[in-house]
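Keeping the supplied structure of chain V fixed, place chain C with the ligands upon it in accordance with the hints.
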Amino acid sequence: MNRSGIGLLLAAIAATLSTEATADRFTLESPAEGVYLHRGAQADASPANGGDIANIGFIIGSRCVAVIDSGGTAAIGSALLAAIRKLTDKPVCYLIHTHVHPDHGFGDSAFAGSDTVFVAHAEFPAALAARRDHYRAALRQTLGDAASGSEIAVPTRLISGEQTLDIGDRTLVLRAWPTAHSNTDLTVFDLRTQTLWTGDLLFVDRIPVVDGKALGWMMAIDALIAMKPAHLIPGHGPPSRSAEVAFTAQRNYLHKLITECRSALGNGITLSGAVETIGFDENKHWLLFDEYHRRNVTAVYTELEWEE
Amino acid sequence: MKRIVGRLLLVTFSSAAALLPFTAAAVAEAPQASEVSIWSKVRGSLFAGRTINENAADIVQLDAPSRAEDASTVPIAIRTQLAQTPDRYVRKLYLLVDNNPSPIAAVFELTPDSGRADIETRIRVEQYTDVRAIAELNDGSLYMASRFVKASGGCSAPAGKDPVEALRNAGRIKFRVDGPVVAGKPTIAQLAISHPNASGLVLDQVTRLYEPAYYVRKLNVSYAGRPVLSADIDFSISENPNFRFYFVPTGDGELRAEVVDTKDLSFDSQVVVKLGGVASAIQ
Ligand SMILES: [Zn+2]
Ligand SMILES: [Zn+2]
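First to last, the sequence lines map onto chains V and C.
Its first residue numbered 1028, the first sequence is counted upward by one per residue in this note's numbering.
Its first residue numbered 270, the second sequence is counted upward by one per residue in this note's numbering.
By construction, these hints were calculated from the structure, which means they are not laboratory data.
A couple of the hints might just be wrong.
Here are the simulated lysine to any residue pairs, SDA-like style, with alpha carbons at most 20 Å apart [claimed, not checked]:
{"#": "1", "chain 1": "C", "residue 1": "Lys443", "chain 2": "V", "residue 2": "Arg1167"}
{"#": "2", "chain 1": "C", "residue 1": "Lys443", "chain 2": "V", "residue 2": "Arg1289"}
{"#": "3", "chain 1": "C", "residue 1": "Lys419", "chain 2": "V", "residue 2": "Arg1167"}
{"#": "4", "chain 1": "C", "residue 1": "Lys419", "chain 2": "V", "residue 2": "Ser1073"}
{"#": "5", "chain 1": "V", "residue 1": "Lys1283", "chain 2": "V", "residue 2": "Glu1271"}
{"#": "6", "chain 1": "C", "residue 1": "Lys443", "chain 2": "V", "residue 2": "Thr1297"}
{"#": "7", "chain 1": "C", "residue 1": "Lys443", "chain 2": "V", "residue 2": "Ser1299"}
{"#": "8", "chain 1": "V", "residue 1": "Lys1283", "chain 2": "V", "residue 2": "Lys1311"}
{"#": "9", "chain 1": "C", "residue 1": "Lys419", "chain 2": "V", "residue 2": "Phe1316"}
Values in this document were obtained by computation on a predicted structure and should not be read as measured data.
Chain V with its partners taken away, still in its complex shape (with noise of 0.2 Å):
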């Protein structure tokens, strides 16, 4: 075992120290046959949430069990690890990533030392590189002691285009998308069940946050809403059956971004007043808007301004 293994290891003894608590009040709901999902809290990370605030989960096969984001602490890992083991025995043998953001990955402690394989998007360790002591130090600013032990994998197995995993008589597809959310976004869909995991490619009623390219994510959508899913898993909010009905409020809220940061550009206003005019009237529809819509508008603005 390399150093970052044996990291790793220690790292998930401390945290199951402190796993009790959540484990608890760990909930778990099951929208398809052999699908599970705990929900995350709809709000930033806080001491009262304990960084629990991502949609993370689990697809159980034949053969082993695949884990889809494994949250935000190492703690909230340790949980979804035993609400598995409450229900099988069988070895967790994939961690897909859905993305590189903290909330869905530091809680990847928990299944480290196993034959787990951390799965991610191709760009996902030069993503890691550039961020991971920046989500560290935010992390421990947070919650302070419950970030202990927290780390987020390197992965090994990396995804380019579209890829299947069998988790034994179940196939799941992952499938790497050029930038959106982020640019290390990857879907899984199970075909049995035709559940398609979106991961951040989707928020319900928590506004989206982009951190990667608004028109690359639009092209996104159109594509997952074609694949017209029997079952929707997005990143954050609840779980739903229409394709179509679940994206369109993130879909409306992206167009009017994209649609107003253009003008912008075009009649000449600065970042600095694009920021503070765009977009305002989407407040009523969207969890977190104060927190996150300048944010969004910086990130579609800047990207607009190397349209061609």
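Just chain C with the ligands, lined up with the frame of chain V:
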């Protein structure tokens, strides 16, 4: 990202003694404890023994958001309150971001031909920090404006959003003059440089990835052959460095920008300025 000694410090000062207190170890301590000392160290390096007037709103003001919404792109504006005349003008503007790995984001040099010593740009903000603009007049006097900027929350990081594309497009320039151009009247130009402008990675112990820093380090703008603006910058300036600044058109003439990055690649762009018109160039 590791805190490192700013390249600008190395460039600006040959005295090793000036650099000694500014080591990685000295600034790696808790931000609360080091906030004051980072500034005092930078101040000692750049302005040793000189008075800095801090009640200087009549000379220089700084606009910055109270919170960094996007850690990678925080718009700031330095606004000066005096006309650039040969007798009295701002000859340098220092832009400092105390708690960034490289606190000296930019040092701009201006001339009477700049018209106004106002600069708008975008910076990366690693964590909550004081941002400072220090104006140095041609008589050597110093004036400072500062703003405290809170860090962004959640998953916002100062890293680039699509480094692969940024690298592919490095060196494209959009250069624009907002008209109508009137002779003798300070006029705004905007220079946008497509570039990763990244700090790179020290060898990441976990991913084993290594990436050298790659950023725009030098910028020169002239109008009709006379310098208007030059700058030493580094990766505290955001990806795709963007500058709005003034020049004074005197007649038809060429506004020319030359940019050099840390691979010593140089890129240039020209705008033909015509009185009464607007102009732009895309390379
Ligand atoms: Zn998320
Ligand atoms: Zn995300």
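Take a quick look at whether V:Lys1283 and V:Lys1311 sit within 20 Å of each other, Cα to Cα. 14 Å, holds
Does the structure keep C:Lys443 and V:Arg1167 at a Cα separation of 20 Å or less? 40 Å, violated
Please verify whether C:Lys419 and V:Ser1073 have alpha carbons no more than 20 Å apart. Holds. C:Lys419 to V:Ser1073 sits at ~17 Å (cutoff 20 Å).
Mind checking the alpha carbons of C:Lys443 and V:Ser1299 for me, to see if they're no more than 20 Å apart? 19 Å, holds
Going straight from one Cα to the other, do C:Lys443 and V:Thr1297 come out at no more than 20 Å? Given that 20 Å is the threshold and the Cα spacing comes to 15 Å, the pair holds.
Are C:Lys419 and V:Arg1167 close enough, with their CA atoms no more than 20 Å apart? 16 Å, holds
Would the hint linking C:Lys419 and V:Phe1316 be met if the CA-CA limit is 20 Å? 18 Å, holds
For the pair we were handed, V:Lys1283 and V:Glu1271, check the Cα-Cα distance against 20 Å. Measuring from Cα to Cα gives roughly 18 Å; hence the hint holds.
Check whether the Cα positions of C:Lys443 and V:Arg1289 lie no farther apart than 20 Å. It holds: about 16 Å lies between the C-alpha atoms, which stays within 20 Å.
Checked against the numbered hints given earlier, the structure breaks only hint 1 and satisfies all the rest.
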